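A.B. asks: Below, each chain spelled out in residue letters.
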Amino acid sequence: MIVSTIASHSSLQIVQGAKKEGFKTRLYVSPKRKNFYSSLPIIDELIVTPDMKAILDDDGIIVPHGSFVAYLGIEAIEKSKGKFFGNKRFLKWETKFNLVDKALKKAKIPQVEAVDLSEVREDDLYFVRIEGPKGGSDHFIAYGRELEKRLSEVKEPYRIERFIDGVFVYVHFFCSPILERLELFGVDERLVIADANKRRPFEPLPYTILGNKSIALRESLLPELYDYGLAFVESMKDLEPPGVIGPFALHFAYDGEFRCIGFASRIDGGSNAKHWYSSLYWGEEVMMGQRIAKELCLALDEGRLEEVIT
Amino acid sequence: MIVSTIASHSSLQIVQGAKKEGFKTRLYVSPKRKNFYSSLPIIDELIVTPDMKAILDDDGIIVPHGSFVAYLGIEAIEKSKGKFFGNKRFLKWETKFNLVDKALKKAKIPQVEAVDLSEVREDDLYFVRIEGPKGGSDHFIAYGRELEKRLSEVKEPYRIERFIDGVFVYVHFFCSPILERLELFGVDERLVIADANKRRPFEPLPYTILGNKSIALRESLLPELYDYGLAFVESMKDLEPPGVIGPFALHFAYDGEFRCIGFASRIDGGSNAKHWYSSLYWGEEVMMGQRIAKELCLALDEGRLEEVIT
Amino acid sequence: MIVSTIASHSSLQIVQGAKKEGFKTRLYVSPKRKNFYSSLPIIDELIVTPDMKAILDDDGIIVPHGSFVAYLGIEAIEKSKGKFFGNKRFLKWETKFNLVDKALKKAKIPQVEAVDLSEVREDDLYFVRIEGPKGGSDHFIAYGRELEKRLSEVKEPYRIERFIDGVFVYVHFFCSPILERLELFGVDERLVIADANKRRPFEPLPYTILGNKSIALRESLLPELYDYGLAFVESMKDLEPPGVIGPFALHFAYDGEFRCIGFASRIDGGSNAKHWYSSLYWGEEVMMGQRIAKELCLALDEGRLEEVIT
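Quick mapping for you: the protein sequence lines, in order, are chains P, W and H. All the letters of the first sequence, read from the start, carry residue numbers 2 to 311 under the working numbering. All the letters of the second sequence, read from the start, carry residue numbers 2 to 311 under the working numbering. All the letters of the third sequence, read from the start, carry residue numbers 2 to 311 under the working numbering.
No lab work stands behind these hints, which were simulated from the structure alone. Possibly wrong hints are sitting among the right ones.
It does not matter which identical chain is meant; a pair holds if it fits inside one copy or across any two.
[As the list claims (entries may be wrong)] Below, in silico cross-link-like pairs of lysine-lysine (BS3-like), each with a Cα-Cα straight-line distance of 25 Å or less:
no.	residue 1	residue 2
1	LYS107	LYS156
2	LYS107	LYS35
3	LYS199	LYS135
4	LYS80	LYS54
5	LYS156	LYS35
6	LYS238	LYS35
7	LYS295	LYS109
8	LYS295	LYS21
9	LYS107	LYS80
10	LYS33	LYS106
11	LYS97	LYS156
12	LYS109	LYS156
13	LYS106	LYS21
This structure is a prediction, so every number in the text was calculated from the model and none was measured.
Take these sequences, add in the hints, and give me the full structure.
C.D. replies: Rendered as C-alpha cells:
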C-alpha cells in the first residue's frame, strides 16, 4: 500500500514514518524543490510536477498537512475521491474565525479575548490576527493609538486581540479511533522573525514563523492541557462527525494561565521538533508522521481502514 | 519491586525509566490530574487521592522530585519510614539561603553577588530572589531606585543580587555511589514568562517557569562545570553524610564566566528536556528518571540497596 | 584503526561516533580539562598534555574541528604529515573575509551586505563582524553614530554589515565523496550572551556563543538551503580541489529571505545540538561525529581511504 503526500510542511516525517511502518511512499514535488527531496532514500516514487492538484487523483492513502489547503483549496479536497487519512471535513475548521470560536466554545477551552476597535485603549498593546493559517507573516502587534491606521491597510479578515504578556506554546495531540485513546505527543515554541528582539533594541518585526523548538513543559501543566485536548475531541464529534481522526494541535498563550489562540486541524508543523512524550505510549520515540502510519497499520490489521480515512 | 512517586514535576520520566528497567510503577495522583496520567500505559498502579501524604507510607522505593517538599514538607519526609531513593536529608539544602551558601562556599563554587539594600545604586538593575524553589514565580528584577518600595511588599525571605547581564543555564548531574562516578547528564535553559520580551517592547514580567529547553553548551565550557560538580559532591559528603546520591543540578548565570545562583538537591525539572550526553556513559540515551532506575538495579544486583536509599 | 582529536569543541561526538563505528579513540586533553574527559568510558587513550601540537604527529586518523586552527594554526596543519579526515586545505576558507567572499560569490549564495564607514547612516543599526571564528565574542552591534569611535578601538580586521532584522540559523551538511551525496543534517540557533535581552531592558551585550539549540526549520525553507549547499560544494571543487570532504555549515540571517553571514569549513559546533534529519538518510539518528566515522568505514571497506583524508 502507498502513502502519498505533497513535498512541504511535514512531509519528511510523514514519508519517513510510512516507510518505517512498511508502506511504499509517493511524494508530489514542485520542480524547484527537486534537488533536496530526490536526495532522500526514503521516497519510493517522486512525482515532479508544478501542479500539486495531481495528488487529488492519487490512488494511495493521502496524508494531508498544513500546506494542503493553501495548495489545493478546501473545496477541491472535500470533493476529491482520494482516500484521505483523517476527517477531511475537519480541515476547514482552523481556517475561519467563526469555526475556530465554535469549536473552542463548545469545548469550553478559554480563549484569548478579542476586542472591538471602539474598546481599544491608546497605550495598550494589541495583537492583530489575520484569519487563516499563513505562517504568521501578516499578524502584527500595535499600540491602540496605531490600530486604526494600521488596520485600514489590512485587506483580509482580522481580529484584534488583547495582547498577552506571556509566551506561546503549541500542544500536539493524536486522537486514535482504533485504540480509542488521545495521546499527548509534545509541545513546541515557534521561532519567529520578531524573536530577533532578544538581541537588539526593540523594533516591531513580523511574526513570520521560521521554525520550531521542542519544549519540555512543566509536568504540572500537562493534565490541564490534556483535558482541553479531550474536550476538543469530544466537541468535534458533534460538530463534524466522525470528529477528529489523527493529529491536531491546540495553540496557547500563557501568562500564568492558558488562553487558546487557535488550533491546527491536521498535523502541526511544530511536530517537526522532536519530542519524547510519544515514548510514554509506544515504548520508543515516534514522530507524528510515524504515528499516522501506525494508525493505518492498526486499522488495516483489524479491517477497519474506513474508520480512519474519509 | 515497586518504584513509587507523586504525579508531578518529573514523574513521567521516573515512571517510564522504572518501567524500562523492569520495576513495577505506582503513582499518587490528585483527582483533577487523573485523565492525563490514567491514559498512560506505563503506570501499573494509579492511586487517585487528594492527599499526597499517602506516599509517606508507601512500601516501594519512593523517588522524590521537585514537588515533594511542597506537597509533604521537609519534616514529614525526614521522619518517614519509607525507603527514599537518595539521601533524603540532602533535600532541604536547596530550600534555605544559608544552606545553599554553606554548600557552595565549601565547594568553592563562585556565587552571584548578594548586596545589601544600603549598597544599592539607583540606576543599576537587581534581581530579587525569593528563598526556596517556587518555580520562579515571585522573583523579580528592579532598578535600585524601585527596590525599597518593592521589597516592602515581599513577605518571604529574599536576597538582592547584582543583576548579571547574561544567560542562565542549568547543569544536570548524576552521582553514582555504586559506580563511584559523577555523570554530567545535560544542560537546559528555562522558558519563563519574562521571555515574552523577545517579541515586544520591554515590560517587567514574572520569571515563572513554563518549561525547559535542551542546550548543547560549548564543549569547552563543560570541564569547568564538571569540576564544580565534583567539588559539590565532595563538599556534601562532609556536610550531609553520606552526601549526594543520585541526581542534582547546579544553576548558573553566565556573562563570560559562571556564577552559581543555586542548585536542585534532587532531580531537576530541566532534565525533562532530553539531552544526549547520557549516551557518553551508557551507549544509549537515558533520561534522568531511567538513570535512577539503573542505579537501583545496579545496587540490587550487588546487594547494596541500602547505599542508595535512606 | 585509531581516530584522534583534541578534547574541545565537538570532540565528544567525534569520539563517541568513532567508538560506535568500531574505531579505537585517542584524545589530546589539556591538564585542566582532565577530570571531565577521563570520566568518560568512550575514550581508549587519553593523552594529557599542555601542548596540543602533539596531535600533528599522531599516527591515527585525525579529525579536525573548530578548535584546531586556534590551537595549531593553519600553517602547521597544512604542513603536518598526519592523516587528516577531510580536505585540510579547506580549513582556512572560513578564516578570512576574502576567502569567505570568494567561496560564496562563486556559489552565488546571497550574502549579507557589507558597507563602508562612509556610507553609514547615523540612526541605522550595524553589525560589526570581526574576521575569523572567535566564538562571536568580539562582534558587536552599534548605531551608525557610534561606529567611528567604536571601530577606533578594534585591533583586528573587521567588516561593517547592514544589521538584519531577523534571526540567525546555522545549517549543517555532510558531503560524502564515497556515496557522492550531500546530506542536510540539521539546523541550530546559537545561544549568545546578548540573548539575555529577552528578559530585561535592552543593553548592548556580547555576541559570545554559549551554546546551541536545535531548530526544526519550516520544511518549505529546506530545499533552497539544500541548493545553496550543493552550489557551495560545487564551487569548492574548483577553488580548493578536491573540494569539501565531510562536514561543513552555512550560516544565515533570515528576515524573510536568507542572506549568508559565513560558513564553517569543518564540523560546526552547532551539530552538538541533536537533530533528527540524519535518520532520513541513515534510518537512525546519527550525529555528525558518527557520520564522519561512517564515511571512514565506507572508505576503508572500498579501499578508498585516500579519497577522504589529506
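A.B. asks: Compare the structure with each hint and give your call.
C.D. replies: Status of the hints after comparison with the structure:
| no. | hint | verdict |
| --- | --- | --- |
| 1 | LYS107 <-> LYS156 | neither (30 Å within a copy, 42 Å between copies) |
| 2 | LYS107 <-> LYS35 | between (44 Å within a copy, 22 Å between copies) |
| 3 | LYS199 <-> LYS135 | both (24 Å within a copy, 21 Å between copies) |
| 4 | LYS80 <-> LYS54 | within (12 Å within a copy, 58 Å between copies) |
| 5 | LYS156 <-> LYS35 | neither (34 Å within a copy, 46 Å between copies) |
| 6 | LYS238 <-> LYS35 | between (39 Å within a copy, 22 Å between copies) |
| 7 | LYS295 <-> LYS109 | neither (31 Å within a copy, 43 Å between copies) |
| 8 | LYS295 <-> LYS21 | both (9 Å within a copy, 22 Å between copies) |
| 9 | LYS107 <-> LYS80 | neither (27 Å within a copy, 49 Å between copies) |
| 10 | LYS33 <-> LYS106 | between (42 Å within a copy, 21 Å between copies) |
| 11 | LYS97 <-> LYS156 | within (15 Å within a copy, 48 Å between copies) |
| 12 | LYS109 <-> LYS156 | neither (31 Å within a copy, 36 Å between copies) |
| 13 | LYS106 <-> LYS21 | neither (38 Å within a copy, 40 Å between copies) |
Taken one by one, the earlier hints fail for this structure at numbers 1, 5, 7, 9, 12, 13, listed in ascending order.
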